[in-house]
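Let the sequences and hints guide you as you build the complete structure.
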Amino acid sequence: MSRSPVSDGVVEVADLRRSYRTRTGILKSEKKVVEAVRGVSFSIERGELFGLLGPNGAGKTTTIKMLITLLLPTAGTARVLGHDVVAAHREVRRHIGYVFGGDRGLYERLNALDNLRYFAELYAVPPREQKQRIGSLLELVGLTGREKERVEGFSRGMRQRLHIARGLLHDPEVLFLDEPTIGIDPVGARELRATIGALREQGKTILLTTHYMFEADELCDRIAVIRDGRIVAEGSPDVLKKRVTGGHVLEVETFGVPDSEVDAVRGLAGVRSVAVEDRGQAQLLLVQVEPGAEVTSGVLARLDGTRIGRVGSREPTLEDAYVELVSGQGPHG
Amino acid sequence: MSLLRMFAVTYWLHVKMLATSAFDGIFQVVWPLFFATTAFLVYRQSGNPHALVYAGLGSAMMGIWSVIATTASNLLQRERWFGTLELLVAAPTRFALVLVPITTAMASLGVYSMVATLLWARLLFGFSVPVVHPVLFGVAVVAAILSIALIGFLLSVVVVRYRTAWALGNLFEYPGWLICGFLVPLTLFPSWAGWIAYALPPTWGMRAIRSAASGGSPYVDIALCLALGLLYGLVGALLSESVLRSARRHATLSLT
Chain A
1 MSRSPVSDGV VEVADLRRSY RTRTGILKSE KKVVEAVRGV SFSIERGELF
51 GLLGPNGAGK TTTIKMLITL LLPTAGTARV LGHDVVAAHR EVRRHIGYVF
101 GGDRGLYERL NALDNLRYFA ELYAVPPREQ KQRIGSLLEL VGLTGREKER
151 VEGFSRGMRQ RLHIARGLLH DPEVLFLDEP TIGIDPVGAR ELRATIGALR
201 EQGKTILLTT HYMFEADELC DRIAVIRDGR IVAEGSPDVL KKRVTGGHVL
251 EVETFGVPDS EVDAVRGLAG VRSVAVEDRG QAQLLLVQVE PGAEVTSGVL
301 ARLDGTRIGR VGSREPTLED AYVELVSGQG PHG
Chain B
1 MSLLRMFAVT YWLHVKMLAT SAFDGIFQVV WPLFFATTAF LVYRQSGNPH
51 ALVYAGLGSA MMGIWSVIAT TASNLLQRER WFGTLELLVA APTRFALVLV
101 PITTAMASLG VYSMVATLLW ARLLFGFSVP VVHPVLFGVA VVAAILSIAL
151 IGFLLSVVVV RYRTAWALGN LFEYPGWLIC GFLVPLTLFP SWAGWIAYAL
201 PPTWGMRAIR SAASGGSPYV DIALCLALGL LYGLVGALLS ESVLRSARRH
251 ATLSLT
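These protein sequence lines are chains A and B, in that order.
Mapping of the first sequence onto this note's numbering: residues 1 to 333, in sequence order.
Mapping of the second sequence onto this note's numbering: residues 1 to 256, in sequence order.
FYI, nobody ran anything at the bench for these hints, they're computed from the structure.
A few of these clues could be false.
No farther apart than 25 angstroms at their CA atoms in a straight line, the calculated lysine-lysine pairs in the BS3-like style are these [as the list claims (entries may be wrong)]:
(1) A:Lys-131 - B:Lys-16
(2) A:Lys-148 - A:Lys-131
(3) A:Lys-148 - B:Lys-16
What the simulated footprint calls covered on chain A by chain B, stretch by stretch (three residues with Cβ under 8 angstroms from a Cβ of chain B suffice, anywhere in the stretch; the number is not a length) [said to hold, decoys possible]:
(4) 108-119
(5) 122-130
Everything numeric in this text was worked out from a predicted model, so none of it was measured.
Each residue gets a CB set at the ideal place from its N, CA and C atoms; glycine is no exception.
See the structure below:
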């Protein structure tokens, strides 16, 4: 009934929308509707690692929470393994694993083994399989030998790896990873990415949300860039890179650059987009330049009232494509 | 069978969690003793030994009510704070079945409350609470604890939808002591208050415990206590699915 008769993708999302109602003020209470997801559509094939990439507040977590049945969509449809996330939520839950980033989501006073035993029961993992399964998952995430320790003493990286083990307890066909490397040190994040890569090798279908471009580039078969609740670009990392190939990036180090001067640079002919990165007391202007255009003198002239530091030019990277897409300034945005 | 196993394992792990917090542990140990001491000191002034027995049993029930009814509603808020509430909801097991072991783990503390109060009366105040029908007394205590646990379960369900509903437990704590006749006879209240009392399972649990201790027949009281408790549990179970749906619509499962 709720199972789609024809389902090509493991995850199929069509025009998914979600809004939140909030109130402001106490005496003069005002209702406000926030559109977090505004008509998102995509499809994920079996065994694919699909990345949902976007800045904070873009709608990544809201999208993932609708897919894992924790939020009801305001409009649109979503199916996981052919099951509708609204009408057949329990069926969806049986076949998916969910891992989110951050410190929370574990019982601090229990040890790692008990945390896994608890969720193994809730996911109806047969008792005979539990011991072996928990053992192999602890090995997969590198926590063998630490399973008898209370989680409250775990580092953030260890907690995150335990999260992944928890999400895999019932051997789900589809795995949803919501910013799993957030807040982890570079070494821990690299290990976690290796674990995610290993899961892809095992044939799991994975939806990964992240705001790290390099992470999506390293792991994902396909990426959808989400901005303000809408998908603004979709394709393989190579396809997205091609969006900014050609042209170059002019980097200008400034000290106390006002918005008016940044806007003036933005208005120059040959400038595709401008992003500003804070670097301590300095600001780095990243000016994306159209192929064949020469804008250096024009840019420096527009920054006349600002102290200038280092000026340089380089080839565009995938991160530049991402910045251009999420800042919504480029011709593609 | 697998359901029973799930219940047993999750119950045990929640008891383990309650037992591994030193602060919570001390709090739960001291709380019933505090109630008992206050009640004994007040009722001792009457010079009537029956009044002390009345106070002893009533203060034990106060401890049970406070531990379960108030803590059960806080417990789900704690799950929300831990970030585990979403994970419990996202599991394929029915949420009502996930909640029952949690509230039953809380109920286990109620047994301690009864035992500690009776021992406290003997050790510190030098009097024993006579129990004429020990088996029926035990059954009445278990029935009272179970029925209060089911009220706690109903409160927990509400907490899932409303983030600040944990305060309900605190709100009901003191009125519960009074209206269920733990320390003051119901006859002292206006008749309308009596109707509220009769709709609450602890009232019948208290009557059953007192009746079993004094040699009366507690059967009807036990039956009414259990029946009302089950009714509250049933309402909680029926509500849980619609409450969860509402929580998913209004995005109240997480803190943010």
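- Quick check: the region 122-130 of chain A, covered by chain B? Criterion 3+ residues, Cβ under 8 angstroms. holds (count 5)
- Between A:Lys-148 and B:Lys-16, is the straight-line Cα distance small enough, at 25 angstroms or below? Cα-Cα ~14 angstroms, so holds.
- Query: Okay, the region 108-119 of chain A and chain B, do three or more residues pass the C-beta test at under 8 angstroms?
  - Reply: Contact hint for the region 108-119 of chain A vs chain B: holds, 7 residues under 8 angstroms.
- Query: Does the structure keep A:Lys-131 and B:Lys-16 at a Cα separation of 25 angstroms or less?
  - Reply: holds (20 angstroms)
- Query: Taken at face value, is the distance from the CA of A:Lys-131 to the CA of A:Lys-148 at most 25 angstroms?
  - Reply: OK: A:Lys-148 and A:Lys-131 at ~14 angstroms, within 25 angstroms.
Going through the hint list in order, the structure satisfies each hint without exception.
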